[in-house]
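Engineer: The residues making up each chain are set out below.
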Amino acid sequence: MARLQHAGRRAARQPLDRYRARQLFTQLIVLSLFVVLTVIAIYPMIWVVTNSLKSDVDLFEQTWAFPKEPRWQNYERAWQFGIGRYIINSVIVTAASVVGTAIISTMAAYALARYRFRGQTFLLFFILGGLMLAPQVTLIPLFRTLVKLGIYNTYLALILPYIAFGIPFSTFLIRAYVMGLPRELEEAAFIDGAGPWGVFLRVIVPLSRPVIASAMVIEAMRAWNEFMFALTFIESDKLRTLTIGISAFQSTLRAEYTVVMAGLAIAAIPMILVFLIAQGQLIRGLTAGSLKG
Amino acid sequence: MPGFEWTRFKRSLTPYMFLLPALVFMVVFIYQPIVQSFRYSLYKWSAFSASESWKYVGLDNYTRVIEDDIFYTSIVNNIWYAVISVAVQVCFGLVLAALLESQILPRLYNLVFRTALFLPSVLAVTIVGITWQLVYSPATGLINQLLEYAGLEAFKRTWLGEEGTAIFAIIGVSQWQWTGYIMILFVVAIQAIPHELYEAARIDGANGIQQFFHITVPGVRQTFLVMSTITVIGAFQVFDIVWVMTAGGPNHASETLGNYLYRVGFRNDEMGYASALATVMFLITFVLSFVQLRLGGGIQQQEAH
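Going down the list, the protein sequences come from chains A and B. So that you can map any letter, position 199 of the first sequence is 199 in the numbering used here, and since no number is skipped, the others follow by simple counting. So that you can map any letter, position 29 of the second sequence is 322 in the numbering used here, and since no number is skipped, the others follow by simple counting.
Just so you know, these hints were derived from the structure itself, not from any lab. These numbers were taken from a predicted model, which means no experiment stands behind them. Every residue gets a Cβ at the ideal spot worked out from N, C-alpha and C, and that includes glycine. Among these hints, one or two may not hold up.
Stated by the list, open to error - Within a straight-line C-alpha distance of at most 20 Å, the following computed SDA-like cross-link-like pairs (lysine to any residue) qualify: (1) A:K238 - B:Q438; (2) B:K449 - A:I191; (3) A:K148 - B:W347; (4) B:K303 - A:K148; (5) A:K148 - B:Q329.
Said to hold, decoys possible - So, partial list: chain A residues that the calculated Cβ filter (under 8 Å) puts toward chain B: (6) I46; (7) V49; (8) V91; (9) I246; (10) L253; (11) Y257.
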């Protein structure tokens, strides 16, 4: 009896081993594929950081090596070219457009989600239609509009268009969320004598905090990384945002590769930090709206 | 009861009050400019000229578009951009997402790979562009040094300086930046597919590849269509990465429509012609967005998420 069992087990084990071997093989292939891709995704950044600490001669002669003794002067020199100023400008423009977009979009989303009114469908499509329009198409007339409004070459020349282009997506995202909220709390607030603004501020906004946060993170990334408007609507170096400042910085320092690399590293740090902190909100928001920057 | 009528009327205005700021912003900064753009395309004018000095030229700017060789180079480059991006970012991105979600690898590995591949997409376009200029640079660049190291000197190129390679070098950078991003969106879409489907398939003896084609692909069909059209629309709008890396050179070889529009308007100061190019871009993106809506990636559809 015992022997029989043993034989049975051995017979069963052989195909199992082959199955396991095949599984291991697939695992190995998939693992190496992802390792290679990860190296491709990350290595250019590491290469920039390691070489930002070398002299130009070492960059040329031993690009693979780690720096012998780190040349922090490169970072000092890069910083002297006003990267700090560019970062401050980007922070101001981004913060203002994120807050503006969030307030305006939440209001619009509340109206579209909770009221019935004449022209509702039209206004919904009017706002969401902005998702279909390329900023490139508006560039030239927008430039003239901003000159006429007297805000060309000011922070507002970026903040106001960023808010306008942020509204469609944020409204879309927040509206869908508000529609899914239970109505009881709003009704209770109405019975307690709150007006529409009271309900909005004391019920809708607090309950929608997660989705508003997602919308804000996405809008922040977009405003921070925006290139075309920032290139066109700002003229003076003092007001340049980081994306544009970095390319100005590179054209001044064209030959000093390692200092340029130090500047790139400094410029990338804020975004990578924000990403690591707000990864959850970011991905939640992106997948809810399937948006591409 | 006049008082009652008045409060009712006031109450009926409430939703419009909430919508007003959004509408004002969109009219002033999006819709008004787009309408203006059509009008501008019928004139010959330059950036700082007063409107009285504009010369009405009818459809001349549009006939010029049709006869412009650089316009065709741009469109061909945009098409390459679209085709390669759909193949790599969307199709390959889906395969990668399916591999991650098939649980072939332990969970911790998945997390690391996901974060690493997503990381390039958070970087600003100038940082990415300049980094890759350095990577592509003929003498000090990573790629040529790598080729030399591998004994493949014959393949060394001035990647961004040769007419044959420039646009593809740039397209490559976009794949580097966005494939991980699209992959993450597919990961989420795959997670929404009911697990029982995969279990049932496994019991029926379906292998991984069969599961991919019979469960994963139909399951993410919607996301796939939306991603494809968004990617194609993005490919026809591309401006920033091209402007940073080559500005359309050498000799217009890597020009794209967005890049060319910008050059014509803000470098050559031919605002009327640039507006005509903008109208062409408007039509292309409008048609593509319409296709997206028809394919079912529309508002109702996305709300189901």
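Engineer: Could you run down the list of hints and mark each one as holding or not?
Structural biologist: Evaluation of the provided hints:
no. : hint            : in the structure
1   : A:K238 - B:Q438 : 38 Å, violated
2   : B:K449 - A:I191 : 75 Å, violated
3   : A:K148 - B:W347 : 17 Å, holds
4   : B:K303 - A:K148 : 35 Å, violated
5   : A:K148 - B:Q329 : 14 Å, holds
6   : I46             : 11 Å, violated
7   : V49             : 10 Å, violated
8   : V91             : 14 Å, violated
9   : I246            : 5 Å, holds
10  : L253            : 11 Å, violated
11  : Y257            : 6 Å, holds
Comparing the model with each numbered hint stated earlier shows that hints 1, 2, 4, 6, 7, 8 and 10 do not hold.
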